[in-house]
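Chains L, Z, Y and H, in that order, are what the protein sequence lines are. If you count the first sequence from 1, position 64 lands on 64 in UniProt numbering, and the numbers rise without skipping. If you count the second sequence from 1, position 115 lands on 115 in UniProt numbering, and the numbers rise without skipping. If you count the third sequence from 1, position 42 lands on 42 in UniProt numbering, and the numbers rise without skipping. If you count the fourth sequence from 1, position 37 lands on 37 in UniProt numbering, and the numbers rise without skipping.
Hint data in this document are derived by calculation from the structure and do not stem from the laboratory. A quick note: this is a predicted structure, and the numbers were derived from the prediction, not measured. Don't take every hint at face value.
To be verified - Straight-line Cα separation of at most 25 Å, DSS-like style, residue types lysine-lysine; simulated pairs:
1) Z:K59 <-> Z:K503
2) Y:K2 <-> H:K10
3) Z:K211 <-> H:K55
4) Y:K2 <-> H:K26
5) Z:K595 <-> Z:K140
One-letter residues, chain by chain:
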Amino acid sequence: MKSAVIVFPGSNCDRDAAMAIEKVTGAAPAMVWHQETELPEGTDFVMLPGGFSYGDYLRCGAMAGVSHIIPAVKAHAEAGKPVLGVCNGFQILIETGLLPGALMRNASLHFVCEKAPLRVENANTQFTSGYSTNREIVIPIAHHDGNYFADDETLNALEGDGRVLFRYASNPNGSARDIAGIANERGNVMGMMPHPERAIDADHGGTDGLALFESLLGSA
Amino acid sequence: MTQFAEGITQEIADSHLPRDEYEKAVEILGRAPNLVELGIFSVMWSEHCSYKSSRVHLKKFPTTGEKVIQGPGENAGVVDIGDGQACIFKMESHNHPSYIEPYQGAATGVGGILRDVFTMGARPIALMNALRFGAPDHPKTRQLVSGVVAGIGGYGNCVGVPTVGGETNFHAGYNGNILVNAMAVGLADADKIFYARGAEPGQPIVYVGSKTGRDGIHGATMASAEFDDESDEKRPTVQVGDPFVEKKLIEACLELMATDAIAAVQDMGAAGLTSSSVEMAGKGQVGLLMDLDKVPQREDNMSAYEMMLSESQERMLFILKPGKEQIAFDIFNKWELDVATIGETTETGRMVLTHNGETVCDIPLDPLAEDAPMYERPWARAIPEPAVLADELSQPKDYEEAILTLMVSPDLSSKRWIWRQYDRHVMADTSASSEDPADAAIVRVHGSNKGIAITTDCTPRYCENHPIEGGKQAVAEAWRNLTAVGADPIAITDCMNFGNPEKDHIMGQFAECVEGMSEACEVLNFPVVSGNVSLYNETNGFAIPPTPAVGGVGLIPDLSKRMGFGCVAAGDILMVVGDTEGHLGASIYLREMEKREDGCPPPVDLAVEKRNGDFVRGEIRKGSIKACHDLSDGGLAAAASEMAMASGTGLNLVHEGDLPLHGWLFGEDQARYLLAVDEANAKAIRKAAKDAGVPLHVIGIAGGDALTINGMIDVSIADLKAVNESFMPTLMGEAE
Amino acid sequence: MKARIHVYLKPGVLDPQGAAVAGALKNLGFNEVESARQGKLIELDLTGDDADAAKARVEDMCQKLLANPVIENFSIEMA
Amino acid sequence: MKARIHVYLKPGVLDPQGAAVAGALKNLGFNEVESARQGKLIELDLTGDDADAAKARVEDMCQKLLANPVIENFSIEMA
Ligand SMILES: Nc1ncnc2c1ncn2[C@@H]1O[C@H](COP(=O)(O)OP(=O)(O)O)[C@@H](O)[C@H]1O
Ligand SMILES: [Mg+2]
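The task is simple: from the sequences and hints, build the whole structure.
This is how it looks when you write it as structure tokens:
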């Protein structure tokens, strides 16, 4: 399994993402600078990490969404291979149109960092097969703009197709229908605001995030 | 007869330098200074940069020890944490800017202290913040809290360094001068530290980071001026922080530091280009020749004066080894940061600046530094207040109400509203932060099983009533907090926040706090390795309470042995290490229940502090303790309430002996810890205490869902949590 | 040349900032405020002097980056 | 009645957002962009029909809440 983590100026969870991937696969991912135009030969899995690409200026993820590497990421997704965006990575996937909707300023207007209880809504996906549906897990969140918004049609479609993978057990940011993470129609692109890579170690955020990487990458 | 250069009037001169200092400048130059030179003298000789009032006293601090690699004098202190690794840290104030523009003031404070740390080659791993606001009901408080907290979070969250802890007080004494003290901690290889010293003649001076604008011109001198009601008008352009550029700057600088290109480096902090270049030249004993036309500029036709005094943020100055410029240029271009060679070091020993082809400044560097004014300001000792012991005070009518009153009080209430806005987990090495039941924050040394423990402490009401004991206590509490999580305390940084030093009693507070702190550092082998002084925190003659904030750092050799106060189970035996005489002078109890703020604070016996602490740490390492919480504000009642709330297990305390109950519960006697011990270990630990000559008192047993005392007083954990969580949301108008 | 761009949220799109502004204004006693919407104002300094050509380019900038067509509309004034 | 408020940074105050936007536009090949500034656009729906009185009130709202007088200026249009 060959993985790549995209690094944008202002990414700050790139190291955390790499640690999680290495912990599960035993192999360090390639760290790919946003100025590149191609992914490393034979990349199976691409992760867009959290952080504040371009300082979250203009719109979160907007400027990263037009950087040079994005066409390669889109091609990877169109080839049906897995792409995961966490936090700012989720915002970027939305800006590129790989995922529907928008992520608005938190309803409280405050940045919110806490260990958020989530419910696994659909465990029959390549991202969540390591969980069981309706299982409650706790994953840290840390964001200012995680308030998921989409029109009812889109929301109904997401729910109807089982593309809502995680919901907040107690909504921290105002997200429509408590949505914390979604997948695209084909099921190979997933975005979530919570940080599974911060929950892979009992003493540092818990281990509830491990199953996500294991589902995707198979344990080492 | 005073001489003036062309275009300089007495008024202009006065607005830059006191008259005696002006004469000194004339002497040094052998002529009258022009405006650029006047500006440079004024910032270099400002309180902020020259420490002219505080230097004589700061000398008293113990600053050496077997773990100290670099003490005060560089951008930050450096200590040895074993395995060839070093921990770098420093605390700094941004008080005045934060009062004027809370968000940007606090944000740029975080940016500045981060630069002090990564300037030395360290990867920042943690931020702390020590905040003091005015009375909760003061009309400005809500807006100041909201702006400062958003600013600290906005900057720290964006650069991706976890903000893991801090402290927050509210008191009318800060109504006109809030305190925003930020601390940064970083890690580096002990043999890869970078210093301001090391420059040699003939080396290129390279500017990197943001462009220079007219930001905060004279901020350095403003930070040394007392406020009055017009300050709102007199303010210079406020500095705006750009955490996105800072993040790129961190990565780019660490990339350059991994090469062999750097001779010396300085961040551009207060008095930007001036102090950074002068400091490096002074420490390297070289001269400077800089062409200001080469400085990257954000605005049109900036004058030499403006460029030298600008406080634009996110800028660094490197002196590179000859021929290494291209390496730097490639790295900074990759990160899309401005980079320019603006001059070179010389053998002249002078600072020569050219602008538009003309020489606009020519100052001999040594005198600029060495003849900097140093004042032995007159100071007066504080008149000690009498102790206040429990038996002089009537007992509270209702103990349950008293406990709840303390737990909802501004200083003891939960600060969740604040730390929820800080990313405490980024970098995935946070072992304990604000949300966790531990007396110090703990951050894992990446890729190892070691932990760095960090705490900030100061009890201003003690310093107000007895500066010497207050100074001791600030250091002792930091040491105790590190001990309580199982760490070996290593060293401290400090941030000395005081009023106007030109007043005897204020200078006296400073001198006596330093005296007390120094004694504590000595006895506890806890040296000062960095720090910062903020004076003139005074408005219309009202000075802040003396606030010598202490930032302590310690090492946990094996993270699996770290301690907290959340793991308490029914049946655990509760014990207090240390004796209780019931000191209520300057206590939270006295303030909240008796509405009195007088009295001598609890005395600090440093020998006892050390003995008790070493015992507790030893038992933690042996694994004989399940939970440990130091006793401080609010005494046993507060510590027990916090332990009960954190563990969700009730604590049932029994008081025997003739000390009045309110003295036993609320006394703030020092050198004490509350322990929860598994019954199986109780006997052994009591014997160990006896052998070590450490007083250890069994005070009860865990169980149930309430804090109870002598079976009569009964406060449910639910009620404790409800009041404890209610203060901040109510203050901010966000209570459900 | 200068271009001034207004970026607004489309009607029906959630606007937490606008809602908060309206609420805060009411708390301050400005009861005449029925609702508030918050958008962006972006001003560009441009080289060149062909206003129409420039405007077409700015349109393009908005499509590509400055506005998110899913949730935002924009308008452009050249000056 | 509607009020449209422009809030922009005072001249000389650093505008990190504007700088980043200008950089991103250049990266997209819009090399004519010399600089960008970003401000806020706030639209209020107001009850009442006395435009002058309303405008005075909106001034007041800007002073008290909508603009930060330390770093921002504002302008108001009634419509
Ligand atoms: N109160 C203090 N205690 C110990 N060291 C101090 C104190 N105040 C200043 N220093 C030291 O003096 C030097 C200059 O301080 P400062 O101007 O705050 O540093 P910087 O210019 O990097 O912000 C630093 O090395 C700092 O550690
Ligand atoms: Mg410095």
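| request: Decide if the proposed pair is consistent with the structure: K2 (chain Y) and K26 (chain H), CA atoms, cutoff 25 Å inclusive. | output: 16 Å, holds
| task | For the pair we were handed, K59 (chain Z) and K503 (chain Z), check the Cα-Cα distance against 25 Å. | result | 21 Å, holds
| query | Taken at face value, is the distance from the CA of K140 (chain Z) to the CA of K595 (chain Z) at most 25 Å? | reply | 23 Å, holds
| Is the Cα-Cα distance between K2 (chain Y) and K10 (chain H) 25 Å or less? | 17 Å, holds
| said: Just to be careful, I want the Cα atoms of K211 (chain Z) and K55 (chain H) compared with a cutoff of 25 Å; is the pair within it? | reply: Judged against 25 Å, a Cα distance of about 39 Å means the pair is violated.
Hint compliance for this structure: hint 3 is the single one not met.
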